[in-house]
Amino acid sequence: MLWLALFFCVPFLIVLKISFAQAVFGQVPPYTPLLETTADGATSLRLHIANYAALLADPLYIAAYLKSLLFASISTLCCLLLGYPIAYGITRAPRMLRLLLLVLVILPFWTSSLLRTYALIGLLRANGIVSQALAWLGVIEPGEAVLHTDLAVYIGITYNYLPFMILPLAATLIRLDFTLLEAAADLGAKPWQAFVRVTLPLSLPGILAGTLLVFIPAVGEFVIPDVLGGPDALTIGRVLWTEFFTNRDWPLSAAIAVAMLLLIVLPTLLFEYVENRRVAREAQS
Amino acid sequence: MMALGYAFLYLPIVSVIVFSFSGSDRATTWGGFSLQWYAALAQNEQILEAARRSLTIAAISATAAVALGTASGLALSRFGRFPGRGVLSLLNSAPMVMPDVMLGLSSLLLFVGLQQVFGWPERGMTTITLAHITLTACYVTVVVRSRMTSMDASLEEAAMDLGAKPWRVFFVITLPLIAPALLAGWLLAFTLSLDDLVIASFASGPGSTTLPMLVYSKVKIGVTPEINALTTIIVILVTIGVTVAGVLMHRRERKLARAGD
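So the protein sequences, as listed, match chains A and B.
Residue numbering for the first sequence is 952 to 1236, as defined by the numbering used here.
Residue numbering for the second sequence is 76 to 336, as defined by the numbering used here.
Derived by calculation from the structure, the hints in this document are not laboratory data.
From the three backbone atoms N, C-alpha and C, an ideal C-beta is built for every residue, glycine too.
Mixed in with the good hints, there may be bad ones.
Not everything, but these chain B residues come out facing chain A in the computed CB check (under 7 Å) [claimed, not checked]:
id, residue
1, 82
2, 84
3, 88
4, 91
5, 93
6, 235
7, 266
8, 292
9, 312
10, 313
Straight-line distance between alpha carbons at most 25 Å, and here's what the computed SDA-like set of lysine to any residue pairs gives [what the hints assert, rightly or not]:
id, chain 1, residue 1, chain 2, residue 2
11, B, 293, B, 282
12, B, 295, A, 1051
13, B, 293, A, 1199
14, B, 330, A, 1045
15, B, 295, A, 1077
16, B, 240, B, 225
17, B, 293, A, 1079
18, B, 295, A, 1200
19, B, 293, A, 1051
20, B, 295, A, 1045
21, B, 293, A, 1183
22, A, 1141, A, 1156
23, B, 295, A, 1183
24, B, 295, A, 1198
25, B, 330, A, 1048
26, B, 330, A, 1051
27, B, 295, A, 1156
Just need the whole structure built from these sequences, with the hints factored in.
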């Protein structure tokens, strides 16, 4: 019965997901006729090329892609810079404290990300703590708000995705053999040398996993740029949302999604797949 | 540096909790201690209705996701190299990293296609639940799979050798051993579903506004202090839930470890 359940459930899962994938890839559509067009397959095929042409022709879309990439890259970097010391600190802490620190990292993740983004609004307004602190530091003019600027989006994405960076990093760092560091020290390496030449390379899988977990969702992020960013913080996610909900242009939003998949998600996923196999092969040999 | 990191993680939440008790109409100025926003929340039928809807969807999809996720987690960790394993593994990790807007759009297109061909499903709670099952089952799979990989397979093999049928092995040996992972997976799926705005927006139909969708529209209009109270309640519930689950799992692990000695 277990076998039956398995071989019924697993293909079901695969079918569910493949049909899912086809809905992304094949925006050639049995889907579109529902809306404006009552065309047959041939006309919708033409329509579908037109969508990509529109993507390339209108600088708005290309600008949105670049903006998304910029938001995602800088925020991922911030997550890494902030998350690495935290992850390192967690793994070096005594056992009980380590557990508590880990739980404290995970706890915000269990709370709604929408509500956490909302929580930032109060801090980023003109009279909010963060805006006042940054004004005091001279980063922004006094009385100005961080809210509705690109800086707010960086802060928002970093804040929301930080746990996704810390957890894989901590998972790798905890498996790190600290006698290696002692050995390096015995052989005369300075702490920073030991870090750069031993710790950093060994934690590379964690860095990769964390970067992946932060970067891809950040590229398509809709809520954070929409709530915290200004009107010019147009990301792919926002453009897709607007095309879909405001302009009700389903084929175009599908084309945006496919372009996003082809440009960012697929290469990164493939990279991770290849990397995983390499690691597995190394572990075997 | 670490303290700074934790301050960064908690400052926004703490500030919302503090202001949820403010007597002021404005969400950022302190107006003395008051519970008025909790009272307002308790009377807001719209929010309560959306919350009930969200909780229902989350409970159903978490339960279904645990069933599906356990099956594929089991397959990925126990059945060696069966055909399609790589594909299943890749498909499983895809929805977790994929941006929400893409998942939302693609599941909607799937539902619209299904509806045209079979006349089912009607867009609304059903479609939101189905989309959430697809998403959360992947997370459950990962949790179950990692638990299974770290678990000793020899117990199951021993049971098989002693003549237990596969389903019996599953219910008597495997299921109790992975129960903590199932609980963790269920909680994870539940919160993910409860939290989701983007996918639900795409998959929803008229009259099926979920709590995040309602919060989002309120936030877009402007900050309403009621949302502070709502956030506080959710944070407290989540903290209690995670703590209880953590303690339960910890105790169980200890008991198992002691039994193993």
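Hint check:
no.: 1; hint: 82; in the structure: violated (11 Å)
no.: 2; hint: 84; in the structure: holds (5 Å)
no.: 3; hint: 88; in the structure: holds (6 Å)
no.: 4; hint: 91; in the structure: holds (4 Å)
no.: 5; hint: 93; in the structure: violated (10 Å)
no.: 6; hint: 235; in the structure: violated (11 Å)
no.: 7; hint: 266; in the structure: holds (5 Å)
no.: 8; hint: 292; in the structure: violated (11 Å)
no.: 9; hint: 312; in the structure: violated (9 Å)
no.: 10; hint: 313; in the structure: holds (5 Å)
no.: 11; hint: B/293 <-> B/282; in the structure: holds (17 Å)
no.: 12; hint: B/295 <-> A/1051; in the structure: violated (36 Å)
no.: 13; hint: B/293 <-> A/1199; in the structure: holds (22 Å)
no.: 14; hint: B/330 <-> A/1045; in the structure: holds (22 Å)
no.: 15; hint: B/295 <-> A/1077; in the structure: holds (18 Å)
no.: 16; hint: B/240 <-> B/225; in the structure: holds (23 Å)
no.: 17; hint: B/293 <-> A/1079; in the structure: holds (20 Å)
no.: 18; hint: B/295 <-> A/1200; in the structure: holds (22 Å)
no.: 19; hint: B/293 <-> A/1051; in the structure: violated (35 Å)
no.: 20; hint: B/295 <-> A/1045; in the structure: violated (44 Å)
no.: 21; hint: B/293 <-> A/1183; in the structure: holds (22 Å)
no.: 22; hint: A/1141 <-> A/1156; in the structure: holds (24 Å)
no.: 23; hint: B/295 <-> A/1183; in the structure: holds (16 Å)
no.: 24; hint: B/295 <-> A/1198; in the structure: holds (19 Å)
no.: 25; hint: B/330 <-> A/1048; in the structure: holds (21 Å)
no.: 26; hint: B/330 <-> A/1051; in the structure: holds (21 Å)
no.: 27; hint: B/295 <-> A/1156; in the structure: violated (39 Å)
In this structure, the earlier hints numbered 1, 5, 6, 8, 9, 12, 19, 20 and 27 are contradicted, and the remaining ones agree with it.
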